[in-house]
Amino acid sequence: MTYRPPVDEMRFALRAIADFDALQQLAAFADANNEIVDSVLDEAARFARDVLAPVNRAGDEHPAELKGHDVKTSPGFREAYAQFRDAGWNGIAGSPDYEGQGLPHALGVAVQEMWQGANLSFGLCPILTQGVIDALTLHGTDEQKKTYLPKLISGEWTGTMNLTEPQAGSDVGALKSRAVKADDGSYRITGTKIFITWGEHDCAANIIHLILARLPDAPPGTRGISLFLVPKFLPNADGSPGARNDLACTGLEHKLGIHGSPTCVMTYGENGGATGFLVGAENKGMAAMFTMMNAARLNVGIQGVGVAEAAFQKALEYARERKQGKPLGLQHEAVDMVPILQHPDVRRMLLTMKALTEASRAICYANAVAVDLARHHPDADARAKAKTREELLTPISKGWSTDNGVTVASLGVQVHGGMGFIEETGAAQFYRDARILPIYEGTNGIQAIDLVTRKLTLEGGETVRRFIAEIVANADALQGDLADMGGALKQAAATLDEATRWLQDALKSNRASRALAGATPYLDLFGRVAGAHFLAKGALAASRENDSFHAERIAVARFFAANILPAADGLKAAVMQGGEEILDRFPASFSQA
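Read in order, the letters of the sequence shown are residues 0 to 592 in numbering that gives the first Met the number 0.
Derived from the structure by calculation, the hints contain no laboratory data. Be aware that a few hints might be false.
Claimed, not checked - Cut-off 25 Å, straight-line C-alpha distance, at most; resulting in silico cross-link-like pairs (PhoX-like, lysine-lysine):
no., residue 1, residue 2
1, LYS71, LYS283
2, LYS384, LYS454
3, LYS386, LYS283
4, LYS384, LYS489
5, LYS145, LYS283
6, LYS144, LYS254
7, LYS507, LYS454
8, LYS283, LYS507
9, LYS386, LYS144
10, LYS175, LYS283
11, LYS454, LYS386
12, LYS175, LYS145
13, LYS507, LYS384
14, LYS283, LYS66
15, LYS454, LYS489
16, LYS180, LYS283
17, LYS144, LYS180
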């Protein structure tokens, strides 16, 4: 089977749940009418299905290879990228000032889901390029924008971000890469970076690296980090790639999954120093890098959605075809075995996969719409509220959606039974590929800490209170046949509110460590309640229609409310009471050398 982008579900999530129509009212997106949006989604679906998905397996079985300092990508990847570039897919949400199409970021995120579902290894490349585009758009000089943005937006050049070093992972402040200013105003960069996704490859004419490094007199920690743009080839005056810079890929990581994505060890300055150009101000690199990382966090969240959808599709197809067992009560009768889809526990697994995928999609799309409103709404107050909504939802999009990607892919293996553990069925690849996503762009533990310590305090706590009030209002609107869902959602909103207030109080007292101990279960709690909220919003819209597609949206929302949401109470207990076991009763044997 091949991956089939769920275009109808994606349209529904954009329009009925994420309020995409609010973007269509903005002058910035006057051309983003339904006809254009549908055309983009349909054509992207064709490209994902017919071009990217067919080379996904080749990427897994034939990983990228290092030849000297050059990387040869997996079979079919280079040709697929050429088609991707020529079709202009990288420029959907790019600024028209730099030859982009100027369509909503939310539409770009929906299209990104298709790339990730079809071929996660391939899809990582445009995600990193988009991050470089975002960082240069906000922090680059006019000359840097003029030189680099058109090439990056077109996809002619690709981009990376270089943070991690052997001794500096999540603790970015421990990095040792150095930058020394040259007489011409540029900088000479030396150091080694690891885990650099698509750091070297044969698909694009140039690769633009954004690198964190320290100046000789920089203060310690993150306060002394600067951001530099270091191209693989230094551009000529006409913008074409010129002389090779002093950088090289000196190793490729052998990984659990995403084999088709080259994960590089990058060495800078072996011959005097790589030429780099400051982005933003000296010692202010973290602000610029966080622009890139925040964009990447939403995009990694949508990767979780994409791989979950692909795993669900494969499991559903297998469950329809695989015959095993007989109906309950007829085990000893002379009847044929039935497709495993008929067994209640298999249906439970498939519905869990579907519900988690649709809930994660809804959260990510709502997050993306908030990004567009924060950037383009004409009213300053509306922009500010959208920005805080974006910031609140980003750790949920990244953390909860990628955890779900792993859960759904694991359930996909389980639906296949023993055959899921056999590589040739393909179910295991989704599981292996998905496992990196909770680690990327700030581990999910970091996302949980960010949610609790930074996002719950936005506007003095008003941002999260406004969101919970929205959930309650949605629950109250669920009447008639949906009233049971409304009751469950309202109770869960109260649970989330109680846990939220407890954490906010803990942060103001000497119980801040208790808040950190409960951060991860709180993120899970928040994700479940937000997911139920958005699915219920979709169910309310679907209840006004009378066809099988909309009936399925209601069924999925009902399943989520009855089977996934009830864990909220247990998670609240872990948030408010679990810290004692972690902080005060940590087993002594764990601390022994």
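These are the hints, each one checked on the structure:
Distance check on the hinted pair: LYS71 and LYS283 sit about 35 Å apart at the alpha-carbon level, beyond 25 Å; violated. For a cut-off of 25 Å, the pair hint linking LYS384 to LYS454 stands: about 13 Å separates their Cα positions. Of the pairs offered as hints, the one joining LYS386 and LYS283 holds, with about 22 Å between alpha carbons and a cut-off of 25 Å not exceeded. Of the pairs offered as hints, the one joining LYS384 and LYS489 holds, with about 23 Å between alpha carbons and a cut-off of 25 Å not exceeded.
This hinted pair checks out: LYS145 and LYS283 have alpha carbons roughly 22 Å apart, not beyond 25 Å. Distance restraint check for LYS144 and LYS254: the Cα-Cα separation of roughly 35 Å exceeds the 25 Å cut-off, and the hinted pair is therefore not satisfied. Taking the CA atoms of LYS507 and LYS454, the gap is about 14 Å. The hint holds against a cut of 25 Å. Restraint check for LYS283 and LYS507: the C-alpha separation of about 29 Å exceeds 25 Å, so the hint is violated.
The hinted pair formed by LYS386 and LYS144 meets the criterion: a straight-line CA distance of about 24 Å does not exceed 25 Å. Between the alpha carbons of LYS175 and LYS283 the distance comes to roughly 16 Å, so the proposed pair stays at or under 25 Å and holds. For the proposed pair LYS454 and LYS386, the alpha carbon gap of about 11 Å is at most 25 Å, so the pair holds. For the hint pairing LYS175 with LYS145, the CA-to-CA distance comes to about 31 Å; that exceeds 25 Å, so the pair is violated.
With a C-alpha separation of about 24 Å, the suggested pair LYS507 and LYS384 falls inside the 25 Å cut-off, and the hint holds. At most 25 Å may separate the alpha-carbon atoms for a hinted pair to count; LYS283 and LYS66 exceed this at roughly 36 Å. Of the supplied pair hints, the one linking LYS454 and LYS489 holds, its CA atoms being roughly 22 Å apart against a limit of 25 Å. A hinted pair counts as satisfied when its Cα atoms are at most 25 Å apart, and LYS180 with LYS283 qualifies at roughly 16 Å.
As the CA atoms of LYS144 and LYS180 are separated by approximately 21 Å, the hinted pair is consistent with the 25 Å bound.
In the structure shown, a violation is registered for the earlier hints numbered 1, 6, 8, 12, 14, in ascending order.
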